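Given chain A, put chains B and C in place with the hints provided.
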Amino acid sequence: MARLIAQRLFNSIISIALVSVVLFLIFEISPETVAADALGQYSTREQRDLWLAANGYNEPMLVRFLDWVRRCVTGEFGKSRLYNAPVSTVLWSRVGASAILAGAFFAVLVPLSLSLGVIAGMREGSGLDRGISLLSILTTSIPPFASAVLLTAVFVFGLGMLPGTSSMVDGFRWKEIVLPVAVLLLYDFGYLTRITRASMADVMQTAYIRTAVLKGLPNWWIILRHALRNALIPPFTVIMLQINWLIGGVVVVEFFFAYKGFGSLILEASLSHDLFLLQACTAVSVLIAVGTQTIADIGYGLLNPRIRVAR
Amino acid sequence: MTDTTGMRNPTFWSLLAESPILVAGASILAFWLLVAIFAPFIAPFGPNENLVPMALPGDRTPGGRTMWLGADHLGRDVLSRIIYGGRTVLTYAPLATLCAYTVGVTLGLVAGYKGKWVDELLSRFADLVLAFPVIVLYIVIIQKFGASGVNILIAVTLASSPGIMRLVRGVVLDLRTRAYVSAAQMRGESTLYILFVEILPNARGPLIVDACLRLGYVTITIGTLGFLGLGLPPPTPDWGGMINESRHFALVFPHMAIFPCIAVSSLVLAFNLIADGLRELSLAD
Amino acid sequence: MSPPLLQLDNLSVSYRTRRGAVPAVVGVSLDLAKGESVGLVGESGCGKSTIAFAIMRWLAGRGEIVGGRVLFDGRDMAEMSRAELRQVRGKRVAMVFQEAMSALNPCLTIGSQLTEVLRFHEDIVGPAATKRSLDMLSEVRIPDPERVFRAYPHEISGGQQQRVVIAMALLANPALLLLDEPTTGLDVTVEASVVKLIADISRRFGTSLLYISHNLALISRVCERIAVMYAGEIVEAGPVRQILDHPVHPYTRGLISCLPEAGADKIARPLMPIPGQIPAPWERAPGCFFQPRCTYAVAGLCDSAHPPLVDLGTGSSVRCIRAGEIEGEPIIAVPGQQLAAADGVAVAVERLSKDYTLTPPGLRGLLPFAEPLRIKANDGLTFEAETGRTLAIVGESGCGKSTFARILTGLERATGGSVEVGGTNLARLSVIDRSREQLRSLQMVFQNPDETLNPSYRVGKQIARVAKRLLTLGRKDRATRVRELFAEIRLPAGIADRKPRHLSGGQKQRIAIARAFVGRPDIVIADEPVSALDVSVRAAVTQLLMEIQRTHGTTLILISHDLALVRYVADTVVVMYLGQVMEAGTTTQVFSAPHHPYTEALLAAQPRLDGNQEPVAPVEGETPSPLEPPVGCPFHTRCPRKVGTICETTRPPEQVTAEGHRMACHIPMAELARVQEKVLA
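Those protein sequence lines, which keep their order, are chains A, B and C.
Residues in the first sequence are numbered from 1 upward in steps of one, following this note's numbering.
Residues in the second sequence are numbered from 1 upward in steps of one, following this note's numbering.
Residues in the third sequence are numbered from 1 upward in steps of one, following this note's numbering.
Some clues are possibly wrong.
Derived lysine-lysine pairs resembling DSBU-like cross-links, with alpha carbons at most 35 Å apart [to be verified]:
(1) K376(C) to K468(C)
(2) K131(C) to K114(B)
(3) K114(B) to K468(C)
(4) K461(C) to K116(B)
(5) K376(C) to K461(C)
(6) K116(B) to K91(C)
(7) K144(B) to K260(A)
(8) K79(A) to K175(A)
Short, incomplete list of chain C residues facing chain A, as computed with Cβ under 10 Å [claimed, not checked]:
(9) A217
(10) Q589
(11) A593
To be clear about the criterion: a stretch of chain C counts as covered by chain A if any three or more of its residues have a C-beta under 8 Å from a C-beta of chain A, and this derived list gives those stretches [as the list claims (entries may be wrong)]:
(12) 14–25
(13) 76–88
(14) 117–125
Don't read these hints as lab results, they were simulated from the structure.
None of the values given here were measured: they were computed from a predicted structure.
Even for Gly, the Cβ is constructed at its ideal location relative to N, Cα and C.
The shape of chain A in the complex, shown without the other chains:
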């Protein structure tokens, strides 16, 4: 087990190191672009040269790379042109806002999908199973931007029950978070449900469940003790990896509902060519993605006694 953890941590460090090289190459390879992005497109040639000299861009590549890594590690990402403030002051509050969204999302998603999936998988081929499966396919087929429009049309335009934007101008209100979470859920719950169902159905077919039945154990014991633990291993991995996908959904949802979170920030940074802000956002998102992947890998090893340390 110690080996597995060490290996996964080592792998993720390598990944992050490689990613940082790639990011550096993408963002910082040509200082002229950096200066233009930092000072705006109407800055003069002299202004840009002065800025480059002042910010150490005339140093050799390697020195600049190490300095860039240092800034990423310490969180000094520079100044956001869009917000005219240090990137870190903007960034962390936005990440926090998105974390609330993600938290609410997982709080509903996990119990909902796991229970639906387990119920469907327990009785494979039953009417209930077919119903849940079909519902899952249907909802997964509606892209988040479409469901945002459709839900808004129904609940805001049609019924007037919920607010159409979630900008939280008057402070945090639960009502404003309902639609964004609903959109994310609608798109995602089907996927997790189907994974859980397939996993549960597979487990119910196994020889060891047959053994348990033929040992004369009661049904509740077979499900709780023999089936669930095995059946929940794949969904667990999927839940952790879901965070990578979730970032995509979050960008769409925050953009649509004008929610001031991390997803809308990264989009704003990109559309307004705010380079330092975009760098910071990318770094944070990669860190989240690699971190959850590592947790998923290690957790998989913990849940499954047959840890195989292949690759």
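This is chains B and C only, laid out in the frame that chain A set:
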């Protein structure tokens, strides 16, 4: 069950009986394919023709022709734009998936069959790309290189091929130990022959299912990019872009956004249903 | 007389499939008294496992009892409520499955899987349950019960897993034990000890047994009565000796005569294959189901009416219209073949070694330059294969026999030593570096019929491809060659247009043999070519292989774990254990004393049909991990003839007789001959 009687010719009706899901998906897809191919004959107006701004569904043009789904803020007929938009998405989604598959399958075959340092290198590269949240990858690429059809193809290929590579690699790792591969080596077949003639055809099951799912996903991606304003530059008729342009009016004129939403959802649904149906059929065999 | 414990009364079971209802079991009646052990023999698809599941009333949703009853203790199982059923399952009737690994839950410890039986059937929990479980683990002779109790299934060996499943079944002291192929996948020596355990247990606990297997010889070691099944019905049933010594039904006779008999060889008594293949349930013939394959069948009689099961008055009953007429008829004897004269050496193996390296487990393995673990898959092999004759390489799993095949064919490269074929050393010549002539002259038949042919292409095309590559034939000549080969393997030419999934296992293996012989190779290596086939098909495929070899004067290297088969087929034999040669010589030399103690153990473990019914466990324990091979003699950890510390410290010298019989043992061969002959006498 082994079928010793020989070939089984699937007819439409036997397929419908065995997998209604597959037939439903294929029918929706066929509908959109026909619409896309015959767009100029079906669409009542040109995709960029300015008629009556903000016209409601069923309103008439000054010339007395009905705009069945209304018009958008620039007075363009929503139905016609959806029909032409179908052309856009049914060009880019399969093309992008094909590019991603060409790259992913080739890399996966090589990584799985060659193993050792080749595999190590390619898998590292895949890990690297997969470390980026997909949407961030798109945003960064489009931000650096600009929004255009070709860049969308590049972005989708870069983002999807590592996943395909992993899938193919896994299948190849399984298949390459089969005796028929050893037998092929023992009659002196080249590596290329073994990869593409002996191994690839036997990996087709999971690959076809994955390709259908991925088509749906790429459709969503192209829509999302359009919706975020990172897609094909206007005035190209594009479902995601239509929703983006009309979302400010969504509270007052929801028809401008709702119909493209239904269009894109139905197309994704078609791909997902086909994938599910094919999987069901392959399991039943 | 008390009523039978279990009574199958005209039981019929069908499976619902896309073809409609497929009958798996047709009108089976069988009684099992308290304490009695009955064997159910049959080949794949004959419905024997379905019977076990029908008894447990567990038919996985698609199966259905369509007729008849299962009476347990006089009660109809079909009428029991769910709660009653739960009380019968596990407590009164327990089941032992094939493939113990998959029958155990991978995520729970062995201990918790054992104690839960007591918890629900005996109301025993806590330390008392632990105690009972540990005792039971000792009963099934697991050497270290405490460790196994805490272990997960993947942490113990296959033999121990099967013992755990048996312990689990016995915990609630059931009246009836159903055993479904309990030793499939185990090595012969381990199989022998598990079978012995089962026999001991039924005697000591007074448990009734229903033992299901395709292996007639294994069943005869445990059971008092046998029922032979074919195509879903019982064709012959009776006391074990009656059936084995005086089989009446042509199928039973065929089953017995197609088994290589211990003590016989290919010259004295050739194999008698049953022609044809087992029909699928929807292809069963009119009249008698066996009639299309039966040598005694009479047209107009056997194919008109379905024969009933008739009591013969000898304690046996048989389902054959002609039973009375054919009873005394001898099994037709075929004249034996002359041994081919050897002329020269085709393959000379000299001190051949193959090491695999592994990164060590644990954190240590992550360090750069960590000393890699070495597995010596082949460790200094030396032997020769004579031209035109058959060399058999014998050994249990992990002995390195398949590694040798991969080196010879160039799929792997050796680490040291040489393999001389036609004056060239092939040991380090990878398959991609071999010339077309080298490839043509050496071909292989693989083990698993399902993997040997590419599922995507018609089989004729696959054979034609070999003709194109190895013989560089034109299109027309290729087609001719394919036709020739199909005639040679006795398959209708129409089969060439089929894909592998439309063929039976035996047909696939015939095609695989044809593929190996396309280029008229000088040497063919066959890795367990028939072990995955049904018993009645095995003999025919073996015979075909021998015949083609004889016609072409090919040198055959046969890899097998089945000593009886080897004795039939081989001219010379090499016995391997943990990558080393233990014994080598002509078939007669290896099969008669003196034997190497390992060969002796293998021979003793071989299930046989003749007289001695007492199951023996020749050696306890299992093959050590090749990661940590024993120092000294590799066999010393299990050797019953170990002489002392010298076996643990010094690698035994190789003794060679004047006739060329070699073995590696510290005991002088004369001494071995003396003690072994005493045992036999």
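Hints, one by one, checked against the model:
1. The hinted pair formed by K376(C) and K468(C) fails the criterion: a straight-line CA distance of about 38 Å is larger than 35 Å.
2. Between K131(C) and K114(B) the CA atoms are separated by roughly 53 Å; this puts the pair beyond 35 Å, and the hint is violated.
3. Only pairs whose Cα atoms come within 35 Å are accepted, and K114(B) paired with K468(C) is accepted, the gap being roughly 26 Å.
4. Taking the CA atoms of K461(C) and K116(B), the gap is about 33 Å. The hint holds against a cut of 35 Å.
5. For the hint pairing K376(C) with K461(C), the CA-to-CA distance comes to about 39 Å; that exceeds 35 Å, so the pair is violated.
6. For a cut-off of 35 Å, the pair hint linking K116(B) to K91(C) is broken: about 53 Å separates their Cα positions.
7. For the given pair, K144(B) sits about 24 Å from K260(A) by alpha-carbon distance, which is consistent with the 35 Å threshold.
8. At most 35 Å may separate the alpha-carbon atoms for a hinted pair to count; K79(A) and K175(A) meet this at roughly 34 Å.
9. The criterion of a C-beta within 10 Å of any C-beta in chain A is not met by A217(C), whose closest approach is roughly 26 Å, and the hint is violated.
10. Against a cut-off of 10 Å between C-beta atoms, the interface hint on Q589(C) is violated, since the closest Cβ of chain A lies about 44 Å away.
11. Residue-level restraint check for A593(C) is violated (minimum Cβ-Cβ distance to chain A is 43 Å; threshold 10 Å).
12. Residue count for the segment 14–25 of chain C with a Cβ under 8 Å from a Cβ of chain A: 0. That is fewer than the three needed, and the coverage hint is violated.
13. A stretch counts as covered by a chain when three or more of its residues have a beta carbon under 8 Å from one of that chain; for the segment 76–88 of chain C and chain A the count is 4, and the coverage holds.
14. Given as covered by chain A, the segment 117–125 of chain C passes the check, having 3 residues with a CB less than 8 Å from a CB of that chain where 3 are the minimum.
Violated hints, listed in ascending order, are 1, 2, 5, 6, 9, 10, 11 and 12; each of the other numbered hints is respected by the structure.
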